[in-house]
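Student: Sequence:
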Amino acid sequence: MLAIFYRKGLRVPPKDCIFSPIQFRAPQNADFLRPFSTKKKTPTVRENASDKSFAVSYLINTWGLSEKDAVLVSTKIRLESSEKPDAILNLLRHYGFTHAHIPKLVKRWPQILSSCPEQNLTPKLEFFQSIGIPLPVLADKLSGEPSVLTRSLKHSIIPSYNYLKGLLKSDERVARVFSRAPNTFGRCSFGTLPSNVSMLRERGVPLSSIVHMVNHLQTLHVGKQKLEAYVDLAVKMGFDFSTSTFAYAMKVFVELGESNMKRKMDIFKKCGWSDADVAFAVRRSPSCMNLSEEKIMANMSFLVKELGFEPGDVAQYPVLLNLSLERRMRPRCVVIGILVERGLLKRRKVSSLNTMLKISEEDFLEKYVVKYEKDMPELLDIYRGKLSLSVPLNCFRAKKSSVLTLKSSF
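So for the sequence shown, the working numbering puts the first residue at 436; every next one is plus one.
None of these hints come from the bench; they were simulated from the model. Treat the hints with caution; some may be incorrect.
Said to hold, decoys possible - List time: in silico DSS-like cross-link candidates among lysine-lysine, alpha-carbon distance up to 25 angstroms:
no., residue 1, residue 2
1, 659, 604
2, 604, 686
3, 559, 604
4, 559, 542
5, 559, 589
6, 806, 821
7, 697, 671
8, 730, 704
9, 559, 600
10, 697, 661
11, 697, 730
12, 503, 576
13, 802, 781
As the list claims (entries may be wrong) - Label-pair restraints from in silico Cβ distances:
no., residue 1, residue 2, range
14, 789, 643, 27 to 37 angstroms
15, 567, 526, 16 to 26 angstroms
16, 694, 565, 43 to 53 angstroms
17, 815, 604, 49 to 59 angstroms
18, 534, 812, 46 to 56 angstroms
These figures come from a predicted structure and were not determined experimentally. Glycine residues also receive a C-beta, built at the ideal position from the N, C-alpha and C atoms.
Take the sequences, apply the hints, and build the full model.
Tutor: Rendered as structure tokens:
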């Protein structure tokens, strides 16, 4: 009877048995367990406040942060001692980081304060210096892009360097890439860059043009299909792959994107350009695609309606669209118009519009203002927009005359 009772007791533990696996709970005040607990001790409010006060004061006085930035950084790290941060600060100063770089760096990457200088920072800084990157450049670029220092030297930075060195053939060119786009180191040994470079080589783009594109790496970090579509567009527009203009056009196309490219082309056509005009203008000056609609319309209106040029004429000199209408084009055209009207300048001696507008301010003043001051003392005031008068603007190779009434200011 007792045997049966004990067997049943063993088979079905009582509900309140503390050894039941389902019911097991550690006592709430189990002091005997605390020495063996792996849970970190939670800092008290007073300890947290003390640590934070020390961190803020230290960041302000030693790292040169403003109070606002120091408070923000102190919320992202726990700083109990200055020993390691002091070592990091000395290391940064050794590699050319100044009071201008250091606060910028720690604001962007607070975790640097808890990194290991010997293992994490020194080898990377030594490597960048060894490939010829000047210390001022190194400090300037890494303070702006500190994420480079978070990448593995062995698995990310060195493979990126090896890829770029194989492509560019010299440390000098690799260093130039670093100065333009430091975050390249860690991205270009894999992903889109190698596949895009291979695609460009297959399409017949020479290495010289690819090198130009590497210097503007955002061009080569877009998807392969998208970049290939832009190459197709460049082919359609008649670009020569061997020119630096082609590489720059690729940069412009990538930055604008497909929808903005189409919108800009529609704006040019609205101004009277044909498809051939657009292609010619973009080949000559890809930057014309970056202009705002307002600037394009204003400059085209002045050149076509007031000076009398045909829209297709402007397409031959698209750089004119980049110039300031009120600070350069209009004042200069007014001066030339007055000189021709007064007989001080023969129309046949007027430089081409493109030449006259592109020369420096000093050269223009010397050639067209100072030279005629004895005959027209008021010419400088006219140029500065201080006088108002009507001026014929038919002295260039325009096909119709136009009269412009000047305001008291441009």
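Student: If you draw a straight line from the CA of residue 503 to the CA of residue 576, is it 25 angstroms or shorter?
Tutor: Holds: residue 503 and residue 576 sit about 24 angstroms apart, inside 25 angstroms.
Student: May I ask you to test the hint 16 to 26 angstroms on the CB atoms belonging to residue 567 and residue 526?
Tutor: Hint holds: Cβ distance 20 angstroms, inside 16 to 26 angstroms.
Student: Within 25 angstroms, alpha carbon to alpha carbon, are residue 802 and residue 781?
Tutor: Roughly 14 angstroms between the alpha carbons, so the hint for residue 802 and residue 781 holds.
Student: Does residue 661 lie within 25 angstroms of residue 697 when you go C-alpha to C-alpha?
Tutor: holds, 15 angstroms
Student: Can you confirm whether the C-alpha distance between residue 559 and residue 604 stays at or below 25 angstroms?
Tutor: holds, 21 angstroms
Student: Has the given pair, residue 730 with residue 704, been kept, meaning a C-alpha gap of at most 25 angstroms?
Tutor: holds, 15 angstroms
Student: Tell me if the straight-line CA distance from residue 697 to residue 730 falls inside 25 angstroms.
Tutor: holds, 17 angstroms
Student: Holds or violated: residue 559 with residue 542, Cα cutoff 25 angstroms?
Tutor: holds, 20 angstroms
Student: Decide if the proposed pair is consistent with the structure: residue 559 and residue 600, CA atoms, cutoff 25 angstroms inclusive.
Tutor: holds, 17 angstroms
Student: Next pair to validate is residue 697 with residue 671; report whether the Cα-Cα distance is within 25 angstroms.
Tutor: holds, 14 angstroms
Student: Regarding residue 815 and residue 604, is the given constraint of 49 to 59 angstroms on their beta-carbon distance met?
Tutor: holds, 54 angstroms
Student: Tell me if the beta carbons of residue 534 and residue 812 are separated by a distance inside 46 to 56 angstroms.
Tutor: Given a distance of about 53 angstroms, which is inside 46 to 56 angstroms, the answer is holds.
Consistency with the previously given hints is maintained throughout, with no hint failing.
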